[in-house]
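> Each chain is listed here by its residues.
There are 2 protein chains.
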Amino acid sequence: MVNTLFLPELREMLAFEQESELREFCVALNPGRTAEFMEGLDDDEMWRVLQFAEPDRRAEIFSYFDEARQLSMLASEPAAETAVLIEEIPEDDRVDLIQGLPSEAVDEILKLLPASERRNIERLRSYAEGTAGALMTTEVAKLGERLTAVEALDELGRQASDLETIYYLYVVDDNNLLRGIVSTRQLVSSIKNKSRTLGEMMETDVVVALAGEDQESVAEKVERFNLLAIPVIDSGRQLLGIITHDDVIDVVREELTEDAQRIAAVAPLEGDFLQIGLMVLSYKRGLWLTILFFAALLTAFALRHYEDELAVHGWLVWFIPLIISSGGNSGSQSATLVITAMTGGEVKLTDLPKVLSREVCVSLLLGGFLSLIGFAVAIFVAPSILAATVIPATLLAVVFCGCLCGVTLPIMFKRLGLDPALMSNPFVAGIVDILGIVIYINVARLVLG
Amino acid sequence: MVNTLFLPELREMLAFEQESELREFCVALNPGRTAEFMEGLDDDEMWRVLQFAEPDRRAEIFSYFDEARQLSMLASEPAAETAVLIEEIPEDDRVDLIQGLPSEAVDEILKLLPASERRNIERLRSYAEGTAGALMTTEVAKLGERLTAVEALDELGRQASDLETIYYLYVVDDNNLLRGIVSTRQLVSSIKNKSRTLGEMMETDVVVALAGEDQESVAEKVERFNLLAIPVIDSGRQLLGIITHDDVIDVVREELTEDAQRIAAVAPLEGDFLQIGLMVLSYKRGLWLTILFFAALLTAFALRHYEDELAVHGWLVWFIPLIISSGGNSGSQSATLVITAMTGGEVKLTDLPKVLSREVCVSLLLGGFLSLIGFAVAIFVAPSILAATVIPATLLAVVFCGCLCGVTLPIMFKRLGLDPALMSNPFVAGIVDILGIVIYINVARLVLG
Chain A
1 MVNTLFLPEL REMLAFEQES ELREFCVALN PGRTAEFMEG LDDDEMWRVL QFAEPDRRAE
61 IFSYFDEARQ LSMLASEPAA ETAVLIEEIP EDDRVDLIQG LPSEAVDEIL KLLPASERRN
121 IERLRSYAEG TAGALMTTEV AKLGERLTAV EALDELGRQA SDLETIYYLY VVDDNNLLRG
181 IVSTRQLVSS IKNKSRTLGE MMETDVVVAL AGEDQESVAE KVERFNLLAI PVIDSGRQLL
241 GIITHDDVID VVREELTEDA QRIAAVAPLE GDFLQIGLMV LSYKRGLWLT ILFFAALLTA
301 FALRHYEDEL AVHGWLVWFI PLIISSGGNS GSQSATLVIT AMTGGEVKLT DLPKVLSREV
361 CVSLLLGGFL SLIGFAVAIF VAPSILAATV IPATLLAVVF CGCLCGVTLP IMFKRLGLDP
421 ALMSNPFVAG IVDILGIVIY INVARLVLG
Chain B
1 MVNTLFLPEL REMLAFEQES ELREFCVALN PGRTAEFMEG LDDDEMWRVL QFAEPDRRAE
61 IFSYFDEARQ LSMLASEPAA ETAVLIEEIP EDDRVDLIQG LPSEAVDEIL KLLPASERRN
121 IERLRSYAEG TAGALMTTEV AKLGERLTAV EALDELGRQA SDLETIYYLY VVDDNNLLRG
181 IVSTRQLVSS IKNKSRTLGE MMETDVVVAL AGEDQESVAE KVERFNLLAI PVIDSGRQLL
241 GIITHDDVID VVREELTEDA QRIAAVAPLE GDFLQIGLMV LSYKRGLWLT ILFFAALLTA
301 FALRHYEDEL AVHGWLVWFI PLIISSGGNS GSQSATLVIT AMTGGEVKLT DLPKVLSREV
361 CVSLLLGGFL SLIGFAVAIF VAPSILAATV IPATLLAVVF CGCLCGVTLP IMFKRLGLDP
421 ALMSNPFVAG IVDILGIVIY INVARLVLG
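Protein sequence lines, in the order shown, are assigned to chains A and B.
All residue numbers for the first sequence refer to UniProt numbering, where the first residue is 1 and numbers rise by one.
All residue numbers for the second sequence refer to UniProt numbering, where the first residue is 1 and numbers rise by one.
Among these hints, one or two may not hold up.
No copy is singled out in the list; a pair is fine if it fits within one copy or between any two copies.
[Claimed, not checked] Computed list of lysine-lysine pairs in DSBU-like fashion (alpha-carbon distance at most 35 angstroms, straight line):
(1) Lys194 with Lys348
(2) Lys221 with Lys354
(3) Lys142 with Lys111
(4) Lys348 with Lys142
These are computed hints drawn from the structure, not numbers from a lab.
With the sequences and hints as input, model every part of the structure.
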């Protein structure tokens, strides 16, 4: 919901160029809230209001707009003003933004930036998306190990306004090699002790990320070790930058959303659902739909193969959708539970026997219960009570097979080094569909002779 | 994978009671890594190694074991030792742990704790699970607004060892009402300015959580405003505690995992997949499976209703699974995309028209493509080319309806104030199944006369 509370006032202030009121508006609230109140303005109005904020405040407010707004402003507003803004945006965010701009706009903006900033942006852009290097910021508190706590605080005071985060200090030697880290908390606890140096306080066993490391592996480390930030180093242990906790939350969200999409047989979107091109979206969905379609075609051939049985016992046809959907639903429940449990680290490859034995119990319980309902219905429809037993017997077998496929396939996929979420629910369902029909007709043959 | 590198050495040290080596082992590495190397020990060995660490270090190492290990140690080791450990565990974590212990063990441990700690635990336990109160810690840096930066740093130095996080300082008045916050970064930048007080530096427009607020709403605020911690207040604006970023990552992970489970029609597990009781698990799955089963029963009645048509045109039966699975798969793709986009904030209720118009295009593209394949197959199976057109016409209509149901139902559910993920894929598929059969037979009637 767009917050429209201040819109009339803001527009009036702009119309009458009420400079002091607009300045006041930009500082009175916290920047996130200021951005919220501006959301209803159009791009041009937003941009004009932003010009009344100090450059660092302006960048902060700007960071709370959604990406589409940010990009459309950066692409259309005067390059001189956008360059000033870009300079103030934290490094890790501005590189992401620049990746989203048309290349002419990027060239124009880069030309207007100081050489050092330009080089910095170029370097960060060179890391592949999805790696630690692409997530990091180089604005990091680096200090020498011979400083005392008080000296370090003074130095930090000088650097603090340029840094995104100062919750850890990174101790480096003269060659910029990472030697250890000191948390601000340790530093603050040590200010009474005049002679203790960073070298004496620092933790030397530091959890680090390599620049080329996959972002999911980085997020896992940050979560496991409860870090606020993780240092990024190159293969020679040179400190390149840090990745901060807010980027890690984004990675976790992205990773789990992609899982959910893969589970539903959509290739991960890598973009905003409402922004992504329709042809790209159709392709990402169509690929899997087509594969599943061919799997489903097999059911058509299976049914054709059993043509004679179905002609004699016409009532069997009525239960086909019921049977395959029961198998498919229970299978996709199992697959989703195993996939989410593996992503969350609850289930490991070695747990397969335990998972299977538990699943056998659950599937028999579920299948047994559905069989009872199915039998009650079938009695009224089938020509005899004996004939009606085909339905519960099939349901029990289909739910059992569906559940076991559902838990086994994702674990097998993971063991093969593939993404278990690729073993999507519809895929499991596709396999269970065919199994279901084969089981159904063979049970019917057995019972009905 | 359990790290077994140090296991023989550790066991030897325990056997020969090599005190200094064990002490050294507990401090040499960072606590997370120490925990990793201990994972292969059994509970008793682990506990004995832990006794060689200083109490605060012991609690830190302990925090990296998985919850099942933590609980089994706390429940079985001597109560006096567990009470010492519990005292050192951060408040928000220890309350969670205590909730998992048998109530006799809890009573025994609580009796051994100092009265203030006991009261604190009792108070935190009184907040319902899933609320801000249950996530918070009361170990928070509270300072008066008249302190200068240097005085505040001194005070913080005294408090720091007891606090979980000092990345924001909370400024309160004499009645413990929250007046504002100062980040450590602002504080450190201000140490050169001797006279500036916290009251002058503080941000007064603070993003807060109410103690009873739902944890997902808290996580959303923390993500939106990029916070490291959020203060929790009561309705009178008294500062109760803070929620730290690591708990927020857990909430995001929990929320998205529950979404994925709901999408697959499983009531959220609220527990470890391998630990949860089989009856509970069967109930959580069986509830939805049964509902879906009744939905699928309707398809049986629909098919029975069309008995005569199916008897005359037997080949129509072969395509039943293909048609309903095409509708179901495309519908569950749409539903998953919309649900994940709503969870991620990309799609709002007001976006329905835009979502629908995009979906119309995508569904016609997808349906059209599948129709072509379907037609190619049907030509070989159907008695005539005219008859074969039943298949592509039905596929197009079914995919179209499946996609539109898939995007509309979750948005409608959200508008009704319900969880859109409840409008699970199998539910969408269930509706699309019946629609599919009705469409199929009616198209067939129209074409075949």
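> The structure should be examined with respect to each hint, and the outcome stated for every one.
Cross-check of the supplied hints:
no. : hint               : verdict
1   : Lys194 with Lys348 : neither (49 angstroms within a copy, 56 angstroms between copies)
2   : Lys221 with Lys354 : within (27 angstroms within a copy, 39 angstroms between copies)
3   : Lys142 with Lys111 : within (29 angstroms within a copy, 47 angstroms between copies)
4   : Lys348 with Lys142 : neither (38 angstroms within a copy, 43 angstroms between copies)
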